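Keeping their order, the protein sequence lines are chains H and F.
Numbered according to my numbering, the first sequence spans residues 1 to 116.
Numbered according to my numbering, the second sequence spans residues 1001 to 1118.
Derived from the structure by calculation, the hints contain no laboratory data.
Keep in mind that this is a model prediction, so the values were computed, not measured.
There may be inaccurate statements among the hints.
Computed beta-carbon distance windows for the label pairs [to be verified]:
(1) F:Asp1063 - H:Gln83: 41 to 51 Å
(2) H:Glu15 - F:Tyr1010: 27 to 37 Å
(3) F:Leu1039 - H:Gly85: 49 to 59 Å
By construction, the Cβ of each residue, glycine as well, lies at the ideal position given by its N, Cα and C atoms.
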Amino acid sequence: AQTVTQSQPEMSVQEAETVTLSCTYDTSENNYYLFWYKQPPSRQMILVIRQEAYKQQNATENRFSVNFQKAAKSFSLKISDSQLGDTAMYFCAFMNSAGTASKLTFGTGTRLQVTL
Amino acid sequence: EAEVAQSPRYKITEKSQAVAFWCDPISGHATLYWYRQILGQGPELLVQFQDESVVDDSQLPKDRFSAERLKGVDSTLKIQPAELGDSAMYLCASSLDDTAGYLENEQFFGPGTRLTVL
Chain H
1 AQTVTQSQPE MSVQEAETVT LSCTYDTSEN NYYLFWYKQP PSRQMILVIR
51 QEAYKQQNAT ENRFSVNFQK AAKSFSLKIS DSQLGDTAMY FCAFMNSAGT
101 ASKLTFGTGT RLQVTL
Chain F
1001 EAEVAQSPRY KITEKSQAVA FWCDPISGHA TLYWYRQILG QGPELLVQFQ
1051 DESVVDDSQL PKDRFSAERL KGVDSTLKIQ PAELGDSAMY LCASSLDDTA
1101 GYLENEQFFG PGTRLTVL
């Protein structure tokens, strides 16, 4: 079974600064997908960024980028130029390669607080 | 922009009562998921539907939980009887088609139903 570990329960960053959220995972699969989801207070979870395991290039979405280290089974999220609206719970998630019952396995989350 | 709808948003019930949650996925999405998110933890899949068929319900406590998606569109999750440990956020998500490539697997989440069992 796959497991996802987020070792930072809470983090704080000042507006305009950069912060990195850590995630490690364990799997015996070679093909899979990794995701970062954001869950703002009292709002629905939304996808921030995704990475295919077969791609060596790290994914980037505007201010969000990942550092994917397949051998180390590490998938960290970097948020640049942090904004107050980035305050949320962030979940790292794993999915097996496409097929039936391709469920997401989530970590326990990191609560990020962006301060003035 | 199309969204996943869930109701109610909040539900308070007493132990041993029955509760039901409703989910309306994004139009055209064949795959529907119910997750349970206990406070301080990540969501955990309870049941996954492909159209009206259950694809994965391995983590669904079948002695008290049931889920249906009769016409392959909206879905209902029921708990009977509710227990104190069922207090959690129940999230519904949908994706275009689980049997296609992963881009079609992107899951869109609803706002959730927060259940409190007293």
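Verification of the supplied hints:
1. F:Asp1063 - H:Gln83: 41 to 51 Å: holds (46 Å)
2. H:Glu15 - F:Tyr1010: 27 to 37 Å: holds (32 Å)
3. F:Leu1039 - H:Gly85: 49 to 59 Å: Given a distance of about 23 Å, which is not inside 49 to 59 Å, the answer is violated.
When held up to the earlier numbered hints, the structure conflicts with hint 3 and nothing else.
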